[in-house]
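Student: One-letter residues, chain by chain:
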Amino acid sequence: MSLLSRVPGEPFAQTNTGTTTDRDGPSVIPSAPRDDSRGQCSSVLRLCLSVMTLLLAAVLLSSPARAQNGKPVYDKWCAGCHGDTGAGDGFGSKTMLPHPRDFTKGVYKIRTTASGEIPTDDDLRHIIEVGMPGTAMPEWKSRLSASEITSVIAYIKSFSANSFKTAAKQIAIGKAPSGSGADEGKAVFQKLECYKCHGMAGRADGKSAPTLKDDYGNPIRAADLTENWKFRGGNTVPEIYTRLRTGLDGTPMPSFQDAIENKLISDEQLWRVAQYVHGLSPEKAPEAREVVRAARATTLPSLDDAAWRTVERFWIPLVGQIIDKPRWFAPTVDGVWVQALHDGRALALRVSWDDPSKSPDPTWDEWLGRMAKTMTDVDGPLATQQGLDRLVIQWAQNPSDESKRPYFLGGDAKSPVYVWRWTSEPKIEEGTETGLGKFTALPNVGVTQTARYADGQWQVLFTRPLASRDTTQVPRFTTGHAIPVAFFAADGSNGEDDIRGAVSTWYMVYLDVPTPTRVFVAPIAMIALSAGLGMLLVTRAQRREHNGGSAADSSHLEER
Amino acid sequence: MRRMMLGAVILAAGVWGCGGSKGNASAGGSTGAVAQAGASGAGAAGPTGNATVSGVIHFTGTAPANPKIDMSQESACQSKYTTPPTDPQFVVADGKLGNVFVYVKSGLPAGATYPAPSTPVEIDQSGCLYHPRVFGVQVDQDIVIKNDDNVLHNIKAVPSINRGFNISQPSAGMTSKRKFSSPEVMVPLECNVHGWMHAWVGVLPHPFFATSGPDGSFSIKNLPAGTYTIEAWHEKLGTQTQTVTVGAGETKTADFTFSGPKA
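Note that the protein sequences, when read in sequence, are chains F and E. For the first sequence, this note's numbering gives the first residue as 809, with consecutive numbering after it. For the second sequence, this note's numbering gives the first residue as 322, with consecutive numbering after it.
Bear in mind the hints are in silico, worked out from the structure with no lab data behind them. Please read all numbers here as calculations on a predicted model, not as lab measurements. Watch out, some of these pointers could steer you wrong.
[Said to hold, decoys possible] DMTMM-like mimics (lysine to aspartate or glutamate), calculated; alpha carbons at most 25 angstroms apart, straight line:
{"#": "1", "chain 1": "F", "residue 1": "K1181", "chain 2": "E", "residue 2": "D391"}
{"#": "2", "chain 1": "F", "residue 1": "K999", "chain 2": "E", "residue 2": "D391"}
{"#": "3", "chain 1": "F", "residue 1": "K1021", "chain 2": "E", "residue 2": "D445"}
{"#": "4", "chain 1": "E", "residue 1": "K498", "chain 2": "F", "residue 2": "E1076"}
{"#": "5", "chain 1": "E", "residue 1": "K498", "chain 2": "F", "residue 2": "D1023"}
{"#": "6", "chain 1": "F", "residue 1": "K1133", "chain 2": "F", "residue 2": "D1187"}
{"#": "7", "chain 1": "F", "residue 1": "K999", "chain 2": "E", "residue 2": "D469"}
{"#": "8", "chain 1": "F", "residue 1": "K973", "chain 2": "E", "residue 2": "D461"}
{"#": "9", "chain 1": "E", "residue 1": "K500", "chain 2": "F", "residue 2": "D1022"}
{"#": "10", "chain 1": "F", "residue 1": "K1015", "chain 2": "E", "residue 2": "E511"}
{"#": "11", "chain 1": "F", "residue 1": "K1038", "chain 2": "F", "residue 2": "D929"}
Chain E extracted, bound-state conformation (with noise of 0.2 angstroms):
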């Protein structure tokens, strides 16, 4: 009985929220095809579509060097490499820029909850780099850490709004789960044996990320019709926002450009 009324204020929260948003007519009714069906939640979702905001981060100017890693320490990673390997801070190839992490900060019906999907997100330690370096998770996704390197990594998360851990990985094949509760972008990751290892993670309370590719480019499906504020992350290079209202069904492109730190 509890329960059933609890559902039903959420419910109602849920239904207010939509109802008191701008522009959204078309949001209620489109349920879409988003990939919530293994959510086991128990509000109701909030809104989805089936627009799109896709767009390439460009970059201009030089991009620094990327550091080299002396891995002499850990011959059983640098075993791994063919050329001396390199820190990614900047994925550049082309004039487009990879590894920036484009989310929608704002435009979202207020109150609107996404429950997490119940797929994992995994990221691994291979090579004594963190794959991928990237990424993005729903507030109280799992986040499966795994250890494909048979030495020692300890993988730590130092955010600034969740909680953190820090947990010990001393083999191959040993594989961790950790979530964060709350929405923060972005949360970075370390391994402290080895210092050079960093990854970043988006937390939002929404599924409306990615992170571009090799090729710069990135898309943000499945969104209900808006305005949104998009930003665009780089671990080096800072954020940037544009704001893009997209109709039911439509695609509209969002470029960023960054430039490389001036020398």
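So here's chain F without its partners, still in its complex pose (with noise of 0.2 angstroms):
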């Protein structure tokens, strides 16, 4: 279908089911006339027509008639969020941080223009396609049509009109440079300072973090560098090096402009810091596996062991606790890495995840008083004293019965789980649960932790027995069984607790079978086996071929 049959203000039909039609109604247009310029008879004609078509075109797709294009599409579909007046004050906002964008003031986060600059169109149009990663902001290329976006940025660009009068100047990206200049931009990183809020290793622990909020007074993240998957502009190169250009507005992240015309630093350096800030995560995002696999080892390597690096890493996400009051929506802890070994003795689990507070600690109060306010509205007050972090991994407390696995939220009454509740004290106790924060604690059968905080990150290594004697309640670690397993994590300075937090749902620790010695022995029996037959076989062969076989064969053979 195309725009010209489309009545002027009629709104668009076809929204929710992510139909194609209309798809490609704008680029139809200005295509239109070169098509026919290569036409071969009376292409004046179709010049002119064409001409009249693009002003018609114009006409339809002139800004005001493009608002109210995009106005049913806006109510349907961004207005839960972003409100009905486009302040940002959907009635979905509250529960969300960072807060939907508020239109109204017509302060964009992600541009490709200078600090303070509305954006462009193609700005818009980009975040709309493909969303705001780390944020509830979803791509929307597959359910809207591109004349559907289009109307709707005009139509969102109408809620601070005056800010939209002039047109957005885009600034002028160059290329990367070659080769990675990590070391460079190591060096131009820490040159910049940017450490104040990111931390010295990226990730979000800088000095300057607790005390950071938006235009709002919302309290607002440094972002972890070290989880480029959440880079709300996109994680290439040239994103980061835009954003360094071009600031985050609305946002503390200043814009690096002045430091190049200050010749502070040159426009290859901050190449060199985007380079350098890319690789502080891993080359993909991770994905969550089901099964943390538990290899067997030898000997169980200690927290700092460097054994440690060889082993398989598992990321496991964790999400906001939304489901018991009081629910969370703004937790700290996005996702645990987890290693498992076992020595045929006891499992060793090395868990660590990015926190950039070692709770409580007065420098972050500033910040918990500033999330209390913000998510005030949430099932009720936060606590105004710290607390500590906390990390509770829960397991199956029958492994066996695959049939029947715990309610993921700490079990429930009927069937408890067994956890394993570390604080930063830091201290471990060894339990049950009948539902999220319903502890009661088991005489401990032997886990142990040892944690280390450092450059906003919480390393911890717990061990335990395989073996149990009250089966019970607390599982025996098999070899050869996956074990139901699930994460909960909690960062006292963000005012969360025993409910407030973020939870995992069930995943599985599998731990290897050790290898039977037949394996071993098996293998060479055969080898011996076979080598023996063969040899059988050619000296028979060779004794016939000795007593009446061609000379040529003969001399064949012995060449080789």
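Reconstruct the complex from the two isolated chains, following the hints.
Tutor: In structure tokens:
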């Protein structure tokens, strides 16, 4: 369906099914004259028609008409979060941190324009199409047609018509210099004092991190540079470079344009920073795998043992606990890295997770105060005092019963879970839970912990004997079996506790079976047997040849 | 040709604006010795004169103690102080209040325009505080932002009407230039690396503003004769207004009294 057949002001009919009928609408029009000019006859007439078509299109595509067309799309898909009047105050907004964009201010984070400038239409289109990683803003490309997005852009701009009176001025972005230059990037990163907010290792634990707020006074995290899959404007080197040049308006992240203009650094050096920052994260965003493999080792390494570097890491994503009240929509911890080994006698789990604060920490009081104010409308007030950081590792009590896995949020009265409850004193308790935070301690069966906090990250090594005397409450960790496990993490400086925190669903830990001796003996026996048989065959053949084989064949064999 | 016509239109508008104002007969003739010399404006400048509104900002009650600033994370800044630094929210001495922004809120002829002076206004980041903390500029007048500290500052403007900016200044000796295109009292400036750093800039379409000094005094000069609403703004104590009528060549006093916040 061409756009031209549309009645001006008529809302687009299809919005919800991701139909593609409209997708090519706008692009058809500009290409029309070019195609027609290739025609062999009456090209002048065609050109005239095309010009008229273009003029008509221009009228139909003019901003006010576009904005009108965008309203129904916006009302249906965007208003729930961004609000009917574009003020970022839709019904879903209270529980979201960062809050949805307030369009009435005309201030946008992700732009290709200078600090403080309005974004281009393409900037807005890009964010609508791909979404904002690490936030509630999803991608819309699979749901809205290109022309619907164009209309919505016009409508969004109309909320701040004053800001968009003038045309947006895109800055020129060059190309990344060749080579990685990560060392230079690191030096410039330090020269520019990026660590003041982002931390020395990039984990958002800089000295200024606890004081950061957005234009509305809401608490805002410095980006964790080791998790670039959550970068709001994308994680490619050019995208990171563009954020450095333009800043993220509305946030504390400034533009480094003036540092180049003042010749404090060169443009190339800013690219090097972008390359260095890009390299702080894994090459690919980690994917959650259902089974954490605990390989068998001869000895279990200590927390800092270099042996852990070669042990496979498994990423377990965590999300806000939004089922039990009080629900929590702004968790600090977004996932834990898990490594596991066993030596046939005990299991060792090495768990690490990013948390910019070692709670409680008085320098984070300001953060907690701001968080309490911002999240005040969600299920009651936050604690006024910072609690401890927490990690709860939860296991099914009866791992062999695949059909009956306990409720993932701490089990329930009928079907409790067995837990390791770690707090940042540091201390560990072993017990059972019959629901989140409903903890009953058990006499310690032998769980140990060793913890270290450094550069915005907790690293904790847990160990426990595989055996268990009380198998009704405390599961035996049996090799060759997958044992259901789940994680709960809380950041005390963020107002989190036993209920407010981040949770995972059930995963598995699989303990490798010790290799039986026959696995080593059998192949050797087989090799010896086949070698013996082979020898026998060859000897027999040679004997036969000797007794009357062809000379040619014989010489060929000898050459070899 | 087109530019000439435009000029004529603006000129006509300016003349109409002058003529239309009340009680301002002498305004048109008094071009005065105003510091508009550097202005390169194409349009006619609004009226100025030789009247003055001056006064003193009094302070009653007890001024709250200015909060101490923990600068231990920035030794480069901390070393600039011999006594522990505080955030100068209340500049009070002998019952007088400094850092109050006083300006003509209304009363100038409708449509009067005052081209921005070519001389910029400077704001310096020194000892991890802004100097000055409270100041005024005209619309489109350059603000030169300097960093005197060998540490990273970002200076972020968080306006309600104007477009903001957020500039990184990671080194001493850096300068940046910015301006605001619409009147706005006040535009907050802040540093996010050092959450305690705040400044406020009043952006006005005319040159009739002043900031009270440590002795509480202020003076708004070169006013055309007229009746004006004068507003005094303080970062913690809010605003007060009063109306002042001043004749050509006259100096009128407009004192303000702020009281400390109730304990």
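Student: Hints first: check each against the structure and report whether it holds.
Tutor: Hint check:
Taken as a hint, the K1181 of chain F and D391 of chain E pair is honoured in the structure, with Cα atoms around 24 angstroms apart against an allowance of 25 angstroms. A C-alpha spacing of about 23 angstroms is found between K999 of chain F and D391 of chain E, which places the hinted pair at or below 25 angstroms, so the restraint holds. As the CA atoms of K1021 of chain F and D445 of chain E are separated by approximately 23 angstroms, the hinted pair is consistent with the 25 angstroms bound. Distance check on the hinted pair: K498 of chain E and E1076 of chain F sit about 23 angstroms apart at the alpha-carbon level, within 25 angstroms; holds.
In summary, the hint linking K498 of chain E to D1023 of chain F is supported, as the alpha carbons are separated by about 22 angstroms, within the 25 angstroms threshold. Between K1133 of chain F and D1187 of chain F the CA atoms are separated by roughly 7 angstroms; this keeps the pair inside 25 angstroms, and the hint holds. Proximity of K999 of chain F to D469 of chain E is assessed by CA-CA distance (about 16 angstroms); at most 25 angstroms being required, the pair is judged to hold. For the suggested pair K973 of chain F and D461 of chain E, the alpha carbons sit about 18 angstroms apart, so the restraint of at most 25 angstroms is met.
Using a Cα cut-off of 25 angstroms, the hinted pair K500 of chain E and D1022 of chain F holds, with the two alpha carbons roughly 22 angstroms apart. Only pairs whose Cα atoms come within 25 angstroms are accepted, and K1015 of chain F paired with E511 of chain E is accepted, the gap being roughly 17 angstroms. Under the criterion of a C-alpha separation no larger than 25 angstroms, the hint pairing K1038 of chain F with D929 of chain F is consistent with the structure, at around 23 angstroms.
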